[in-house]
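Undergrad: Below, each chain spelled out in residue letters.
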Amino acid sequence: MRARDNPFAVERVHAVRYRPLGETLEQILTRLDRMNYRGAIVGPEGSGKTTLLEDLQSALEARGFSTRMIFVNDAHPFDGTTCRRLLSELPSDEIVLFDGADAISPSCWRLLRHRTIQHARGLIVTTHRRGRFPTLIDCQTTPQLLQEIVADLLPRDQAISPDLLTRLFAEHKGNLRDCLRHLYDLLATDALPA
Amino acid sequence: MSDFEIDLHEDKTSYTPGETLRGAVRWNSQTSPRRLDLSLLWYTSGKGTRDVGVIETIGIDNPGALGSQEFAFTLPDGPYSFSGTLISLVWAVELTCTPGAETVRREIAVSPTGREIVLDHVPSQRRLPWTDKGPGGNPLESILSVRR
Numbered sequence: 001m002r003a004r005d006n007p008f009a010v011e012r013v014h015a016v017r018y019r020p021l022g023e024t025l026e027q028i029l030t031r032l033d034r035m036n037y038r039g040a041i042v043g044p045e046g047s048g049k050t051t052l053l054e055d056l057q058s059a060l061e062a063r064g065f066s067t068r069m070i071f072v073n074d075a076h077p078f079d080g081t082t083c084r085r086l087l088s089e090l091p092s093d094e095i096v097l098f099d100g101a102d103a104i105s106p107s108c109w110r111l112l113r114h115r116t117i118q119h120a121r122g123l124i125v126t127t128h129r130r131g132r133f134p135t136l137i138d139c140q141t142t143p144q145l146l147q148e149i150v151a152d153l154l155p156r157d158q159a160i161s162p163d164l165l166t167r168l169f170a171e172h173k174g175n176l177r178d179c180l181r182h183l184y185d186l187l188a189t190d191a192l193p194a
Numbered sequence: 195m196s197d198f199e200i201d202l203h204e205d206k207t208s209y210t211p212g213e214t215l216r217g218a219v220r221w222n223s224q225t226s227p228r229r230l231d232l233s234l235l236w237y238t239s240g241k242g243t244r245d246v247g248v249i250e251t252i253g254i255d256n257p258g259a260l261g262s263q264e265f266a267f268t269l270p271d272g273p274y275s276f277s278g279t280l281i282s283l284v285w286a287v288e289l290t291c292t293p294g295a296e297t298v299r300r301e302i303a304v305s306p307t308g309r310e311i312v313l314d315h316v317p318s319q320r321r322l323p324w325t326d327k328g329p330g331g332n333p334l335e336s337i338l339s340v341r342r
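Which chain is which? The protein sequence lines are X and S, in order. At position 154 of the first sequence (counting the first as 1) the number is 154 in my numbering, and the numbers step up by one without a gap. Counting from 1 along the second sequence, just add 194 to a position and that's the residue number in my numbering.
Read the hints as simulated data drawn from the structure, not as lab findings. Every residue gets a Cβ at the ideal spot worked out from N, C-alpha and C, and that includes glycine. Take the hints with a grain of salt, since some may be wrong.
[To be verified] Derived DMTMM-like pairs (lysine to aspartate or glutamate); straight-line CA-CA distance at most 20 Å: (1) X/K173 / X/D185; (2) S/K241 / X/D185; (3) S/K241 / X/D152; (4) S/K241 / X/D178; (5) S/K241 / S/D314; (6) S/K241 / X/D5; (7) X/K173 / X/E148; (8) S/K206 / S/E264; (9) S/K241 / X/D190; (10) X/K173 / X/D138; (11) S/K241 / X/E11; (12) S/K206 / S/D314; (13) X/K173 / X/D163; (14) S/K206 / S/E288; (15) S/K241 / X/D138; (16) S/K206 / S/D271; (17) X/K173 / X/E45.
[Claimed, not checked] Have a look at the derived ranges for each label pair, beta carbon to beta carbon: (18) X/E61 / S/Q263: 47 to 53 Å; (19) S/A266 / X/S107: 55 to 61 Å; (20) X/D102 / S/D245: 26 to 32 Å.
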């Protein structure tokens, strides 16, 4: 299969938005408002934290808030200099959306948390573990959620057996991103079980 | 008719590098856009992060609710349109409207043959000759032991 035809191509997967389990995005926004726009999106790898953060950014901007998204990873480190520069130019009406709170040093985190509480409208972070910041939502995945996403990505005349998806879910320990990458490879090499 | 259309001259979608792509854009919108942008671009699609190259953009300011405009782009030397199992490179002409999220895209192929180059799948499990262990064991270990 050509890469451009693969239903699990990255750009198609990125088009899938976050699906809260048992609540709506509106309810999450209401909770965020009650938390004075300070909270953590908690969850393991591949559970949709970054996707939810992006969705919150769109929803907040649609409500008239000014936001700033910061992605931190190995390729985009966030050291003390970067942190201080950000904080020095931070407008007081801005909500900072910070993806990757686990990837910064404890001193940077303390500085960021302290200064944004004082000077910014809000701070929403993604993290793998509870306890750093008040939890806004705990991202969970289920085999059923994987099945729903796969059904949405596949053409209508195609299906993948729920048993295979359940096995993939277990193999990748609930990491939906890895499950979808695995499915990409299976389709790319025509190795999908009949 | 949709609100925005891209017509390619003679409905041609196969091009060679250096060739001129001609066509016309037509719009019939409920509201008057502030600006239309027509871009010649390529993008990648597949397993990795999407890469995009915008070659040229033609802007149409205050186009009004109804209208059309002809355009011409000279195609560069590359990259060529191609597809493998991991990545495809796709050429397109794309029309975007401001304000709004309206986007219309027409895909084309650019290569010396005018067709997308299809790369054969290379089985990932195939062992390459220099990775085979000979009777003496791992060849890399042998090299390292010689250099010690």
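Undergrad: If a hint holds in the structure, say so; if it does not, say that too.
TA: Hints and how they fare:
no., hint, result
1, X/K173 / X/D185, "18 Å, holds"
2, S/K241 / X/D185, "9 Å, holds"
3, S/K241 / X/D152, "18 Å, holds"
4, S/K241 / X/D178, "12 Å, holds"
5, S/K241 / S/D314, "16 Å, holds"
6, S/K241 / X/D5, "11 Å, holds"
7, X/K173 / X/E148, "17 Å, holds"
8, S/K206 / S/E264, "15 Å, holds"
9, S/K241 / X/D190, "15 Å, holds"
10, X/K173 / X/D138, "16 Å, holds"
11, S/K241 / X/E11, "9 Å, holds"
12, S/K206 / S/D314, "26 Å, violated"
13, X/K173 / X/D163, "15 Å, holds"
14, S/K206 / S/E288, "15 Å, holds"
15, S/K241 / X/D138, "28 Å, violated"
16, S/K206 / S/D271, "19 Å, holds"
17, X/K173 / X/E45, "9 Å, holds"
18, X/E61 / S/Q263: 47 to 53 Å, "32 Å, violated"
19, S/A266 / X/S107: 55 to 61 Å, "57 Å, holds"
20, X/D102 / S/D245: 26 to 32 Å, "28 Å, holds"
Violated hints for the displayed structure, listed by number in ascending order: 12, 15, 18.
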